[in-house]
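Visitor: Residue numbers (our numbering), protein chains in the order written: chain A, 34 to 669; chain B, 34 to 669.
Treat the hints with care, since some could be wrong.
[Claimed, not checked] Calculated lysine-lysine pairs in the BS3-like style (CA-CA distance at most 30 Å, straight line):
#1 B:532 - B:513
#2 A:500 - A:346
#3 A:292 - B:215
#4 A:301 - B:204
#5 A:346 - B:204
#6 A:203 - B:292
#7 B:204 - A:292
#8 A:424 - B:665
#9 A:301 - B:203
#10 A:444 - A:301
#11 A:215 - B:292
#12 B:312 - A:203
#13 A:204 - B:301
#14 A:444 - A:292
#15 B:424 - B:600
#16 A:500 - A:532
#17 B:475 - B:502
#18 B:346 - A:204
#19 A:184 - B:346
#20 B:301 - A:203
#21 B:215 - A:346
#22 A:312 - A:265
#23 A:292 - B:203
#24 B:346 - A:215
#25 B:346 - A:203
#26 B:444 - B:532
#27 A:184 - B:424
#28 A:312 - B:203
#29 B:312 - B:301
#30 B:203 - A:203
#31 A:204 - B:292
#32 A:346 - B:502
#33 A:346 - B:184
[Unchecked claim] Cβ pair distances, simulated, as ranges:
#34 B:192 - A:92: 38 to 44 Å
#35 A:280 - B:187: 33 to 39 Å
#36 B:191 - A:280: 43 to 49 Å
#37 B:215 - A:562: 56 to 62 Å
#38 A:92 - B:367: 45 to 51 Å
#39 B:215 - A:267: 49 to 55 Å
#40 A:89 - B:227: 43 to 49 Å
No lab work stands behind these hints: they were computed from the structure.
Heads up, the beta-carbon is just placed ideally off N, CA and C, and yes, glycines get one too.
2 protein chains.
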Amino acid sequence: MTENSSCSIRTVHFEPDNIDIIVQNGANLMEAAVAAGVHINASCGGAGVCGTCNVIINNGMVESVRTDKISEKDYEKGVRQACKSNILSDLNVEIPAASRLEKAILSREEMLSTSTIAVGWKYDPPVKKIYIELSPPTPQDNSSDLSRLLKELTRQMCIESISIEPNTMKKLADTLRAGNWKVTVTTLLDLNSGIRLIKIEPGDTRARHYSLAFDIGTTAVRGQLLDLNRAKVLSQNIDYNRQISYGEDVISRISQSQKTGGLERLQKAIVSTLNDLIKKLVDEAGINTNDICHMVVAANTVMVQLLLSLNPKYLRLSPYVPTANVFPPVVARSLGIEISDHVQLNTIPCVASYVGGDIVSGILGTGIFQREALTLYIDIGTNGEIVLGNKDWMISAACSAGPTFEGGGIKYGMIATSGAIEGFDIDPENYEPIITTVDNAKPKGICGSGLINTAAILLKNGVIDQKGKYNNLPSRRIRKGYNGYEYILAYAAETQIDKDIVLSEIDIDNLIRSKAAMYAGYYTLIQSTGKSFSDIQQVVIAGTFGSKINIENAIIIGLLPDLPRNKFIFIGNGSLLGARLTSFSSELLYQGQIVAGMMTNLELSENKEFMDNYLAALFLPHTNADEFPSIKTGGI
Amino acid sequence: MTENSSCSIRTVHFEPDNIDIIVQNGANLMEAAVAAGVHINASCGGAGVCGTCNVIINNGMVESVRTDKISEKDYEKGVRQACKSNILSDLNVEIPAASRLEKAILSREEMLSTSTIAVGWKYDPPVKKIYIELSPPTPQDNSSDLSRLLKELTRQMCIESISIEPNTMKKLADTLRAGNWKVTVTTLLDLNSGIRLIKIEPGDTRARHYSLAFDIGTTAVRGQLLDLNRAKVLSQNIDYNRQISYGEDVISRISQSQKTGGLERLQKAIVSTLNDLIKKLVDEAGINTNDICHMVVAANTVMVQLLLSLNPKYLRLSPYVPTANVFPPVVARSLGIEISDHVQLNTIPCVASYVGGDIVSGILGTGIFQREALTLYIDIGTNGEIVLGNKDWMISAACSAGPTFEGGGIKYGMIATSGAIEGFDIDPENYEPIITTVDNAKPKGICGSGLINTAAILLKNGVIDQKGKYNNLPSRRIRKGYNGYEYILAYAAETQIDKDIVLSEIDIDNLIRSKAAMYAGYYTLIQSTGKSFSDIQQVVIAGTFGSKINIENAIIIGLLPDLPRNKFIFIGNGSLLGARLTSFSSELLYQGQIVAGMMTNLELSENKEFMDNYLAALFLPHTNADEFPSIKTGGI
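From just these sequences and the hints, can you work out the full model?
Guide: The following block contains the structure:
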């Protein structure tokens, strides 16, 4: 590990997390671990007195003093207190079980995804802040401000060249002097054109270094504000995609974009959604918008093209050609996003017209492209996307499930925000419901996961039949409404909306068609490769309501295949996961292009097998009962 | 020369011009020569019947048929008709004297500079147009529009990667289809970030491919519209730099820029100057502004920083630090320049606060950095700049000559536009003047070269003495005016301005101070290197009025050193020459950084020798007559 010996940067590899981080020479090892998202015990807060942060240096050199917290024997073996060690070379560091702080600072979503996250990526954000101290110019050394800065910057970064943005140039001379020749620069890695200097600030501003990750869905948009110093989510939020007023699915959005001014209207709608979310994220985290340095967006191909003002017309005309798979980064401000003008927006690459960056982002974030195991990756959403494969090959497909799982097409459907009915059970005696809602608020509607849970429980208890029709049961909850029979989930007086919240046969019918499309999608994909469900070693469920779905209920209604339950892994929003990790890792920014490039797309829209499989799946759980051996329906 | 055998591009080297050009395989050799600016006779216009375009293929392969215009013996020696030969490999082509079309299409300025132009540069513009025919997508091959385009483009250009501008992306899908998958793309070489695709047009638009070269002087701005297909100047024009209303020299411009809104006002002033010039250039050439693809600007450091909105404050504060030497290219439109938004503006690199891109451009264009000969390069202008050196070393200096040579500080001074008195002689009997003016228009004022000629002739004829004072002579032309004695160059009735055009002692005094600053500048520079005037093998005179200056007269007044006259070469506007050649040659774009980097700057502003030399030069021609042995003054 001598190749960097002339440099001032060091790579620290943490075991068993298998995470690398790049730091300055002399950096504190405890701080490096925190920055890398590696969790080490430190009950004394780094004072060196608790002795709980012991690590083993397997390779490399640290500067450290032995205290009575480490025996002489251990010290010889390489045990050191992380909080008392400064990094002097590239390191290989092992964190023994006793020092591991399991899951302590992981959010719920992060907990779910730890086991399936991409491995081996370095914590090495594409956008970095670097603090620089320069010697002021003298009559003997009056080289230009830019030469002076770049000389030191290229030395510190161990790179040959770096380019500077015109806007940064304008601030260069005054900022260097305002900071008394001590400044913080922000650099951006552009995969095509190398490193660019995008911002300069007086003094040391490294502590304020944030980015944004977004998943732009057809129905909902989810965002996270990230602390780039700690690889941590500071705040997250969700909102409807305001393009909804121009149509519920991607096809209607494309139609709308062809009207006069349509593309512009749709572009403005998504940008205003993003702008409001950014405000909320910033407010919640209590940071300054100007300290945001980067944005990563994962979205399906249509959403990306609309965001970037790229005419999506040809996405829906055979042979379904997107403008690009790999979209060049753009200045976020140029799209209308209300953020500093140095912020670059990267989009995760797409595969085809209907297999977008959201799915690539999920594959990227979960590391499926790095593993042996044959994995079925399912992203349940308005545009359902499926990938089958492993590190050697991947095949993808898209099927239009419709907006049902986001609450669309359902009379009282809504996204999973406060007041959405999520959990559902029934009193088998009188068929009275037991509901739980998001935030335990008064009910306002029903979200996708609530819908699946409700339909499954109603089916399991014989309230509806396998066609999704209400049986004739003695319950005040079941009544005939405008849309055929319906079940009253909550009476008007109990709700936020002063209306009975009901689930009608029309709603259930929409659900059946959506789940049939999803099931037919993966069935057809597996068929096409000559495999069967039993070959699948792992099913990764991503998607907007992934982590809230009840696996048993999803199998009961035939949305998921009837496989051993331990094969299912829920990773929550895979699209957002990949976007977030890309903001943390230059390596993943690069791998995104590789992953998109290795996927073969199977076009389902004109596929006969898919249509047959779809028709066979229009039943609860399926017309072929052998497909769901573990499910008994039609009553308890 | 087999390294490019798998590529479709070929390099053709022309002797004795020593010029390379890059062309498509199969291109016609005559057309390649025209594009390279190599002039071959072809009296039949390429029909192959005149036999005047014979060339010798010294190396490489062409496809050609022998006609009776070439003997069998000559054919075996490699003689071919250029108009009948297609290029099949890299070539080394010799143009025999009989086939050379000397100076035929060279403008006056180009004629002057042919002998001293940079050698060995390839005609290979940084901005290229490339015509591409793609196969349309099919269901079997529905890769994205961008992948399809870049695959073919990188193949044709023999490069690995290319990035695309967001604005080009927006037009990509529709343009490919509008052109029925036949399009012309414009690519830009960015030295820092590689090749970028900046424009796409349907069909074959290669014939319309233009660029702009500008020399932005403190007083005057000169522009040329260039045909990038023929390496030819289509139109040229000149105007005052509108910043003049904010001060005549760079110091007063810097002061002005420190006032509230000052920098913005100055930036707008130069941009409006450029915009008006662009309109004139485009109108004269009869082309469409949208077909301009590139701009190259050479200017002194202050002018560059004002153009790019870079605070010039620190340029005049010790230790005189510019914001940058190498300025990154910017989108011309972002500066307010009224031109298509894909046009990139490159500035020629600078050396120091007062040795700018104008001088680097001149050194670049004249190829002084490539030669053995010790050369003194003098750019006479408001900010006089001097370089001494050769291919091994270069030292530069700047001296503030003031605006005299551009007509500033002279009561009836003007730049060399229509009506400016340029030529001057005198009837020794009665001291009546013989004047010539630019465009032979009625006199309007006197330009820099006219001023030198007039002062020299007046001195030579004893009308003024060596201090620049009028002798008491019997002539109606000499009279006492408000500013001491003056000589009437033209009576009011003969002029365009209805005023007597006179040259006063104050005017002559200004001229003496300006020429003294220049002379002291090169004297000090030569002294500092331990050399003397006799070591100088070549004196290259650049500058705004370079090609119009009368060498003898300039020596008579002591503006130029008294060296053998054959050592002087006038290259006209060296700054514009370098900018133009840079627009024709990627190699020179790159070399500009090298040349700027190899110059050592000598600061004259606080140099005692310079002050002494200046005071000694405040005399016509000099206080030390030994410096000017060939000059006899004080009467015929």
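Visitor: Are the hints correct? Go through all of them and say.
Guide: Evaluation of the provided hints:
1. Between residue 532 (chain B) and residue 513 (chain B), the direct Cα distance comes to roughly 16 Å. Compliance with the 30 Å bound is thereby established for this hinted pair.
2. Under the criterion of a C-alpha separation no larger than 30 Å, the hint pairing residue 500 (chain A) with residue 346 (chain A) is inconsistent with the structure, at around 37 Å.
3. Distance hint between residue 292 (chain A) and residue 215 (chain B) is fulfilled; the C-alpha atoms sit about 27 Å from each other, no more than 30 Å.
4. At roughly 19 Å between alpha-carbon atoms, residue 301 (chain A) and residue 204 (chain B) fall within 30 Å of each other, so this suggested pair holds.
5. For the given pair, residue 346 (chain A) sits about 13 Å from residue 204 (chain B) by alpha-carbon distance, which is consistent with the 30 Å threshold.
6. Restraint check for residue 203 (chain A) and residue 292 (chain B): satisfied, since their Cα atoms lie roughly 17 Å apart, inside the 30 Å limit.
7. Taking the CA atoms of residue 204 (chain B) and residue 292 (chain A), the gap is about 17 Å. The hint holds against a cut of 30 Å.
8. Taken as a hint, the residue 424 (chain A) and residue 665 (chain B) pair is broken in the structure, with Cα atoms around 90 Å apart against an allowance of 30 Å.
9. Distance hint between residue 301 (chain A) and residue 203 (chain B) is fulfilled; the C-alpha atoms sit about 16 Å from each other, no more than 30 Å.
10. Proximity of residue 444 (chain A) to residue 301 (chain A) is assessed by CA-CA distance (about 28 Å); at most 30 Å being required, the pair is judged to hold.
11. At roughly 27 Å between alpha-carbon atoms, residue 215 (chain A) and residue 292 (chain B) fall within 30 Å of each other, so this suggested pair holds.
12. Taken as a hint, the residue 312 (chain B) and residue 203 (chain A) pair is honoured in the structure, with Cα atoms around 28 Å apart against an allowance of 30 Å.
13. A hinted pair counts as satisfied when its Cα atoms are at most 30 Å apart, and residue 204 (chain A) with residue 301 (chain B) qualifies at roughly 19 Å.
14. Restraint check for residue 444 (chain A) and residue 292 (chain A): the C-alpha separation of about 29 Å stays at or below 30 Å, so the hint holds.
15. Restraint check: the Cα-Cα separation between residue 424 (chain B) and residue 600 (chain B) comes to about 18 Å, which is no more than 30 Å; the hinted pair holds.
16. Among the hinted pairs, residue 500 (chain A) with residue 532 (chain A) is consistent with the structure: their alpha-carbon atoms are about 27 Å apart, no more than 30 Å.
17. About 28 Å separates the Cα atoms of residue 475 (chain B) and residue 502 (chain B), which keeps this hinted pair within 30 Å; it holds.
18. Distance check on the hinted pair: residue 346 (chain B) and residue 204 (chain A) sit about 13 Å apart at the alpha-carbon level, within 30 Å; holds.
19. About 23 Å separates the Cα atoms of residue 184 (chain A) and residue 346 (chain B), which keeps this hinted pair within 30 Å; it holds.
20. Distance restraint check for residue 301 (chain B) and residue 203 (chain A): the Cα-Cα separation of roughly 16 Å lies within the 30 Å cut-off, and the hinted pair is therefore satisfied.
21. Of the supplied pair hints, the one linking residue 215 (chain B) and residue 346 (chain A) holds, its CA atoms being roughly 20 Å apart against a limit of 30 Å.
22. At roughly 19 Å between alpha-carbon atoms, residue 312 (chain A) and residue 265 (chain A) fall within 30 Å of each other, so this suggested pair holds.
23. Distance restraint check for residue 292 (chain A) and residue 203 (chain B): the Cα-Cα separation of roughly 17 Å lies within the 30 Å cut-off, and the hinted pair is therefore satisfied.
24. Of the supplied pair hints, the one linking residue 346 (chain B) and residue 215 (chain A) holds, its CA atoms being roughly 20 Å apart against a limit of 30 Å.
25. Simply put, residue 346 (chain B) and residue 203 (chain A) have alpha-carbon atoms about 12 Å apart, close enough for the 30 Å limit, and the pair holds.
26. Distance check on the hinted pair: residue 444 (chain B) and residue 532 (chain B) sit about 12 Å apart at the alpha-carbon level, within 30 Å; holds.
27. Restraint check: the Cα-Cα separation between residue 184 (chain A) and residue 424 (chain B) comes to about 25 Å, which is no more than 30 Å; the hinted pair holds.
28. Our distance criterion of 30 Å between C-alpha atoms is met by residue 312 (chain A) and residue 203 (chain B), whose separation comes to about 28 Å.
29. Only pairs whose Cα atoms come within 30 Å are accepted, and residue 312 (chain B) paired with residue 301 (chain B) is accepted, the gap being roughly 16 Å.
30. For the proposed pair residue 203 (chain B) and residue 203 (chain A), the alpha carbon gap of about 28 Å is at most 30 Å, so the pair holds.
31. Between residue 204 (chain A) and residue 292 (chain B) the alpha-carbon distance is near 17 Å, which keeps this suggested pair within the 30 Å criterion.
32. A hinted pair counts as satisfied when its Cα atoms are at most 30 Å apart, and residue 346 (chain A) with residue 502 (chain B) does not qualify at roughly 80 Å.
33. The suggested pairing of residue 346 (chain A) with residue 184 (chain B) holds, with an alpha-carbon distance near 23 Å, which does not exceed 30 Å.
34. Checked against the hint of 38 to 44 Å, the C-beta distance between residue 192 (chain B) and residue 92 (chain A) comes to roughly 40 Å, which is consistent with it.
35. Between residue 280 (chain A) and residue 187 (chain B) the Cβ separation comes to about 38 Å, which falls inside the hinted range of 33 to 39 Å.
36. Under the hint 43 to 49 Å, the C-beta atoms of residue 191 (chain B) and residue 280 (chain A), about 45 Å apart, fit the expected range.
37. For residue 215 (chain B) paired with residue 562 (chain A), a C-beta distance near 38 Å fails the hint of 56 to 62 Å.
38. At about 50 Å, the beta-carbon gap between residue 92 (chain A) and residue 367 (chain B) stays in the expected band of 45 to 51 Å.
39. Checking the proposed 49 to 55 Å range against residue 215 (chain B) and residue 267 (chain A) shows it holds: the Cβ atoms sit about 51 Å from each other.
40. A hinted range of 43 to 49 Å holds for the C-beta pair residue 89 (chain A) and residue 227 (chain B), which are about 44 Å apart.
Figure legend: structure checked against the earlier numbered hints; hints not met, in rising order: 2, 8, 32, 37.
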